[in-house]
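Chains A and B, in that order, are what the protein sequence lines are.
Just so we're aligned, residue 0 is where the first sequence starts under numbering that gives the first Met the number 0, counting upward by one.
Just so we're aligned, residue 0 is where the second sequence starts under numbering that gives the first Met the number 0, counting upward by one.
Source of the hints: derived by calculation from the structure; they are not laboratory data.
These numbers come from a predicted model, not from an experiment.
We put the CB at the ideal spot given by N, CA and C, even for glycine.
Wrong hints could be hidden among the right ones.
In silico EDC-like links for lysine to aspartate or glutamate, alpha-carbon gap of 20 Å or less [to be verified]:
| # | chain 1 | residue 1 | chain 2 | residue 2 |
| --- | --- | --- | --- | --- |
| 1 | A | K143 | B | D29 |
| 2 | A | K143 | B | E191 |
| 3 | B | K86 | A | E255 |
| 4 | A | K56 | B | E192 |
| 5 | B | K151 | A | E255 |
| 6 | A | K56 | B | E254 |
| 7 | A | K151 | A | E255 |
| 8 | B | K151 | B | D29 |
Chain A stretches covered by chain B per the calculated footprint, using a threshold of three residues with CB under 8 Å from any CB of chain B [unchecked claim]:
| # | segment |
| --- | --- |
| 9 | 128-142 |
| 10 | 161-174 |
Number of protein chains: 2
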Amino acid sequence: MRPQILVTNDDGITAKGINCLVQAIKHLGDITVVAPDGPRSAQSNAITVHDPLRYWKQYEEPGVVAYRCNGTPSDCVKVGAHSIMKKCPDLLVSGINHGSNTSVNVIYSGTMGAAFDGCMMGIDSIGLSLCSHDPDADFTEALKYSVPIVEKVLREGLPHDVCLNVNFPYIPQLRGLRVARQCRGRWLERFEERVDPLGRKYSWLTGEFLNMEPDATDTDEAVIAAGYGSVTPCHLDVTDYTYLKQMSSFSYDAEEV
Amino acid sequence: MRPQILVTNDDGITAKGINCLVQAIKHLGDITVVAPDGPRSAQSNAITVHDPLRYWKQYEEPGVVAYRCNGTPSDCVKVGAHSIMKKCPDLLVSGINHGSNTSVNVIYSGTMGAAFDGCMMGIDSIGLSLCSHDPDADFTEALKYSVPIVEKVLREGLPHDVCLNVNFPYIPQLRGLRVARQCRGRWLERFEERVDPLGRKYSWLTGEFLNMEPDATDTDEAVIAAGYGSVTPCHLDVTDYTYLKQMSSFSYDAEEV
Chain A
0 MRPQILVTND DGITAKGINC LVQAIKHLGD ITVVAPDGPR SAQSNAITVH DPLRYWKQYE
60 EPGVVAYRCN GTPSDCVKVG AHSIMKKCPD LLVSGINHGS NTSVNVIYSG TMGAAFDGCM
120 MGIDSIGLSL CSHDPDADFT EALKYSVPIV EKVLREGLPH DVCLNVNFPY IPQLRGLRVA
180 RQCRGRWLER FEERVDPLGR KYSWLTGEFL NMEPDATDTD EAVIAAGYGS VTPCHLDVTD
240 YTYLKQMSSF SYDAEEV
Chain B
0 MRPQILVTND DGITAKGINC LVQAIKHLGD ITVVAPDGPR SAQSNAITVH DPLRYWKQYE
60 EPGVVAYRCN GTPSDCVKVG AHSIMKKCPD LLVSGINHGS NTSVNVIYSG TMGAAFDGCM
120 MGIDSIGLSL CSHDPDADFT EALKYSVPIV EKVLREGLPH DVCLNVNFPY IPQLRGLRVA
180 RQCRGRWLER FEERVDPLGR KYSWLTGEFL NMEPDATDTD EAVIAAGYGS VTPCHLDVTD
240 YTYLKQMSSF SYDAEEV
């Protein structure tokens with residue numbers, strides 16, 4: 000039986016990245032696309048709990064059936080796996096995202112939110128991102144490396160509770176692929192304050208990324224800067240085990256108060 | 000100078016949990032509340048990038064100034080720290096949430112999304128949650144343990160890139176507080192399919208939580224079940240270092256293709 004592959008993204012079902020991806024991997028299995036009906040960037044693992052979810056068939060072609068959904072990327076994974084697909088998918092691929100999901104961007108990313116959701120359901124899950132926000136970006140190089148990753152994960156699987164965060168620099172020719180850890184970093188943010196035509200104030204978030212490990216060579220940021228695609232294994236356990244061992248003073252019994 | 004404390008939540012500025020919290024800790028510093036203008040449960044680390052953000056003063060009383068914002072909990076932290084407060088806050092407290100944020104719920108939680116955001120900015124950050132969805136829940140016991148945690152973190156600080164996920168069982172009397180790791184678990188989800196008055200299908204997400212380590216005693220789930228509040232240190236690095244070491248076959252150079 001052909002592998003059942005669920006494809007989603009956070010840029011929406013009409014984005015170039017997801018459509019290039021579907022065409023590039025549709026020979027590998029039966030593809031079900033469930034993607035947001037519009038852009039859902041930076042939606043992290045948000046799910047829709049206060050509003051009803053809806054989905055509609057968008058198109059169908061040999062080996063591919065595609066739906067758009069009014070929810071988040073995480074919602075799309077749940078709708079795909081629980082409502083649309085006959086059985087739980089063998090693989091989830093999220094992307095290819097228009098924009099980087101390295102370093103702490105993984106925390107905000109809807110692309111990776113979908114991958115975490117798949118991972119939580121026990122589905123082998125991969126997030127793919129190209130470091131360009133250009134809606135018409137050239138995905139040729141990214142696809143050249145994405146297809147073998149998809150094939151490899153279909154063939155070998157991933158450990159329980161681990162998904163992949165794959166990022167590609169936007170350059171004419173990649174030097175290859177490197178396994179890398181998540182770089183420490185943060186956004187130096189500010190709000191641009193503006194006034195709308197009715198005189199009401201509003202704000203747009205803007206800012207620059209700060210690499211907090213500029214000298215490291217084993218981070219996703221370093222690998223990308225060196226011209227390689229980065230492959231970072233991610234898991235769902237955010238416990239800090241180092242500090243956990245130093246926290247005995249946080250534990251006490253009611254009698255001791 | 001009094002500590003500058005930013006308070007937010009994901010249940011919205013009128014929720015009982017945040018208002019009890021503000022009253023209980025306002026003697027510890029100058030409080031700035033920036034909270035969503037309505038419920039934003041399960042918003043994870045979602046941020047608003049496609050729509051303008053707005054905020055309005057909600058109320059002011061001695062030692063407390065409160066704003067509501069049309070964004071997510073993460074947006075509220077950014078608006079509070081970057082636009083409203085004169086200097087970066089010394090402490091962020093998110094909650095008290097109406098509902099548990101143990102185990103994988105931490106991934107979806109808007110309460111913890113705010114705490115992760117604060118953590119990313121270098122602010123000592125605490126998420127507080129009560130395991131009850133009752134809008135009129137009694138927060139007395141939770142507050143009895145929350146206030147000392149806030150005092151302790153104000154006094155001693157937290158390590159870089161670590162924030163706290165604190166959960167309280169909803170019982171008349173807690174047995175105390177215990178440090179705990181994040182429990183492995185997942186949601187067994189399904190969608191309730193319904194039809195609206197115009198004959199259009201829609202779905203509501205529902206499901207039950209599955210504890211995948213029912214025999215462990217050191218998890219947040221176990222500690223809560225035993226009648227203690229749980230304190231889990233969380234960090235921003237989701238790299239799986241165990242699998243990272245086994246992934247050499249993912250790395251190759253372009254020449255090898």
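Comparing the hints with the structure gives:
1. Our distance criterion of 20 Å between C-alpha atoms is broken by K143 of chain A and D29 of chain B, whose separation comes to about 55 Å.
2. Distance check on the hinted pair: K143 of chain A and E191 of chain B sit about 40 Å apart at the alpha-carbon level, beyond 20 Å; violated.
3. Taking the CA atoms of K86 of chain B and E255 of chain A, the gap is about 37 Å. The hint is violated against a cut of 20 Å.
4. Among the hinted pairs, K56 of chain A with E192 of chain B is consistent with the structure: their alpha-carbon atoms are about 16 Å apart, no more than 20 Å.
5. Restraint check for K151 of chain B and E255 of chain A: the C-alpha separation of about 16 Å stays at or below 20 Å, so the hint holds.
6. The suggested pairing of K56 of chain A with E254 of chain B is violated, with an alpha-carbon distance near 42 Å, which exceeds 20 Å.
7. Between the alpha carbons of K151 of chain A and E255 of chain A the distance comes to roughly 55 Å, so the proposed pair goes past 20 Å and is violated.
8. About 17 Å separates the Cα atoms of K151 of chain B and D29 of chain B, which keeps this hinted pair within 20 Å; it holds.
9. Only residues whose C-beta sits within less than 8 Å of a C-beta in chain B count toward coverage, and the segment 128-142 of chain A has 0 of them, not enough to reach three; the restraint is violated.
10. Residues of the segment 161-174 of chain A lying with their CB closer than 8 Å to a CB of chain B number 4, which satisfies the three-residue condition for coverage.
In this structure, the earlier hints numbered 1, 2, 3, 6, 7, 9 are contradicted, and the remaining ones agree with it.
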